[in-house]
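Make the complex out of the two chains shown on their own, each in a separate frame, by following the hints.
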Amino acid sequence: MLFALSPTQETTGYVAVATLLAIAGVFLLLPRPRGRFVPGGIALLIAAAAVFGTWLYRTFGQPMPDVIGSALFWLFSAGAVVFGTVLVTQRNPARGALAFAFVILSTCGLFLLLAATFLMAATIIIYAGAIVVTFLFVLMLSPSHAPTDENDRSREPLAGALAGFAFVGLVLLALFQTSLTNQRDHLLAQLVTPLEREKLAAAIAQLDAAEKALAGDTSTAVAREQRLAAFDAAFSPVRNALAEVVGVSSAEQIHSPQEGSLPQRLGRLGTVSGGPEKLFRADVAARQTLTQAATVRELLHRVPPTVEAIISMPAAGQPVDVATAQAEVRKLRDAVVLLHGAGLMPARNVANLGYGLYAEHLLAIELAGVLLLVATIGAVAISHRKREPLPTPDAKNAPAGVEGVQ
Amino acid sequence: MTITLWHFLAVATVLFGLGWVGFLTRRNLITMFLCAEMMLQGVAINFVAFAFYHGNLQGQAFVLFLLAVAACEAGIALALFVSLYRRQRSLDSSDWQHLREPGIPVAVDEEPLPAAPDERFPTLPPAGVRPASALGPEEVARV
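Protein chains in written order, with the numbering used here: chain H, 116 to 521; chain D, 87 to 229.
No lab work stands behind these hints: they were computed from the structure. Just so it is clear, CB atoms sit at the ideal spot from N, CA and C, and this is done for glycine as well. Incorrect hints may have been included.
Unchecked claim - Restraint ranges, calculated between C-beta atoms of paired labels, are given here:
hint	chain 1	residue 1	chain 2	residue 2	range
1	D	P198	H	A274	19 to 29 Å
2	H	A186	D	P200	36 to 46 Å
3	D	Q144	H	T174	22 to 32 Å
4	H	L295	D	P198	24 to 34 Å
5	D	E197	H	R502	19 to 29 Å
6	H	L477	D	E197	49 to 59 Å
Unchecked claim - To be clear about the criterion: a stretch of chain D counts as covered by chain H if any three or more of its residues have a C-beta under 8 Å from a C-beta of chain H, and this derived list gives those stretches:
hint	segment
7	90-103
8	111-123
9	165-179
10	184-191
11	208-214
Bound conformation, chain D alone (with noise of 0.2 Å):
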């Protein structure tokens, strides 16, 4: 088959769509932030298509100035990142919700999350001290 203009569109829609069920369920900011780069991808890519078709560089012109945009959108986001950190010490976007609407439910989270792996670090006995409780008799035996 020859691609068309069509294909080019399915492609771009499929990425924006993408982009859009992501920055509606990611609570990661920078997850989100991701996302809605993937949306302008889509946006980009049906600029182009047309300016392909139309056989003109109008839609490659206005792709240059949704760069600027996307550029100036990444640097506010980033900087936005850093002062919600320093307040919350945490990315997840659910923290901001009591800036919601008014009337609209707190959204609680149910389900505990699972268990973190133990990952506990041996601590050493400063040397030249014998440990006291950290072993019991017959570990020491055995050592």
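This is chain H alone, in the form it adopts within the complex (with noise of 0.2 Å):
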């Protein structure tokens, strides 16, 4: 290669290339009367749309674990940008206005990928009754189809590109450098890694397995041997890898700070250093994993001899009781699916969100209720057109005898 180019050297050219042609390509579209050039303006953006997605390919592209969720994430957010473009370059505000509603749309989308299922339905529904105001303020302010001053003139075109632009270009290489820095910092070390995931996802598989290698013939000694090695057959593969991910036992050496099982990760964010770390150390859901890690760690120790004991030595004159062993099974499974799902939003959305609003922020809600009130007031009053005092049937003497008292 000719240029030997470091990663943020790189970052940084290929932003600036983009952030130019998007500053050329809005330039192009925002309406004037002259020199306005649209198709010049699509294939501008389209270009700076292009170099962009180049450096993300080649920055984060391979691997592609999540395919789905990936593919949503890049569906809603460049609707959100594309029709965000058509909004802030197009001529007519009614076609604003419904490329508005699809920006909104598109933000309900990364919203649902948030698992902000509430707010998701929230923003549809207020978003919703503004656009259709806005339609109507539209038709009715807008009186003609013959070019105006507010839709076909931009104030100052390549200033506000230049400004805004600037300002996203800027944003954006700081983001990627501090996404560089802060790889394993407290807010984005995930609480169980997508590899973590995978393992529990397959030791849950298992484990299901296991339980239905439990059910069969118990009657004979021999039977209830191969129960027992088909259960072992299908455990031993779990044991190992939850092993690997929820630690041996709670007091391990570590070894190296990259890798180790979930306790002894978590555990190290909050010994390393102080600072936000002991934010993170405080934090809830952290807490919460390592309890469940622990939980998946005990039953782990217990269940196998459990289910040997209760499957090879049944009490006399009973049958072998299967039921029970199962049980255990389940229990550890269901400790394994909680771990799985750790750090994840709480799928009780709506439900947690109100108690969080109305057990920990009343006094904003209240608040927020008298700014609405206070809001509808005072649009009722700029809005209230004052009338011309009714002419009284002797007006004609009105003001000489108001004259006449003075």
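Spelled out as structure tokens, the structure:
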């Protein structure tokens, strides 16, 4: 290669080129009486998107484990950005409002990807009303199809595009640099890494198989031996996989800073240095994850001997209690499922959000209600038309009478 | 690639920046209002993304307040549009540039607007009356 560039230099180049192309494209697209060139602007914007996409692919492209999630993310974010550009550059405000509706829908898709189901619904409901009202205003206040000052002129198109996109480019660059240095930082230390999540998911399936292996004929000692052998065959990979994730015992030596079981990693975050890591230690989610990992570890030690004892040594004269053994395995499975979902958002989004709002932010809710009331009164006061006083029957005489009194 | 916090922050930044450009450059009050709402959406994505990666709901609660403030803003803004429109019969924000700071020059639109296409509708003569001047004699003959 001709130039050996560091990742930061390469990123700077890509982001700068994309930013310049975007500035030029939006400048060409913004409405003006003369010099507006729509095909060129669109081509420049597509070029900017292509440069940015190339950088994304080269930097983060491989590997790509979560294909559906990634595809949805790119779909929604591309929708938001494309329709946002349409809103900014569209002459007709009614079409702009339509593009804004699509921006809102794409944003709601992103909310859904971020496990904010209630916010998604609330945003759609609120902004649907807002957009319909905006439509009414456009229809009411935009009188004709003739070119008008407000729709066909822009205020300082070049300076405006420069200001906005310079800001975007700088923030993207800063984001990239912090993402390089903060990859192991407290904010982004995933509680359960994707690799661990895969192992846990495999363990759940294997535990199901082990539970099934316990069922069957247990009348003779030979049959019981067979059941136990099948159970062991299904259980031993689970034991190894889970031991890698949650550790064998709670007091293990830390070998290297990069790897280790989940309790080691989370514990290390709290002990390596002060500052934000302390905040992370205080984080409820991390503590819950550690507790769940400890539960899994304890069950992992307890379940196999218990199952073996139940199967191989039934009480005299009683049938073998397969159901209890299976319940033990299921306990371990449930604990693994909980650990598998640790750090993800709670599934009961609406209930938890409502609880948080009314338990922790009650005063703020009241203030927001007062704000809405004041805004309503203010809107009425602003748009209230002051009526001319109605002419009274003796209107002609009234001024004279008033003067006469004075 | 796994989608991380940074990806969501990047989308939020782009939305915020686009809204900013629109708010600075567009002159239609309604479009400016929509661009401001788009900036708010970018901020909301930031909050929700941070809430997701912290594993708590504080960010989502904040976005609910943000929605409330956005609703207030929409109400006040639309009321302002109505009263401004009553005075100037226009949604152009530059009609109000006499409210600017002292010492800042007036922005003048130099280039003329393109001429509107002439769409005059035909006016029909009253029934039973011979049109006097609308049609010349040869056209009358053709009809």
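Evaluation of the provided hints:
no. : hint                           : in the structure
1   : D:P198 with H:A274: 19 to 29 Å : 22 Å, holds
2   : H:A186 with D:P200: 36 to 46 Å : 43 Å, holds
3   : D:Q144 with H:T174: 22 to 32 Å : 31 Å, holds
4   : H:L295 with D:P198: 24 to 34 Å : 52 Å, violated
5   : D:E197 with H:R502: 19 to 29 Å : 42 Å, violated
6   : H:L477 with D:E197: 49 to 59 Å : 56 Å, holds
7   : 90-103                         : holds (count 13)
8   : 111-123                        : holds (count 11)
9   : 165-179                        : holds (count 11)
10  : 184-191                        : violated (count 0)
11  : 208-214                        : violated (count 0)
In the structure shown, a violation is registered for the earlier hints numbered 4, 5, 10 and 11, in ascending order.
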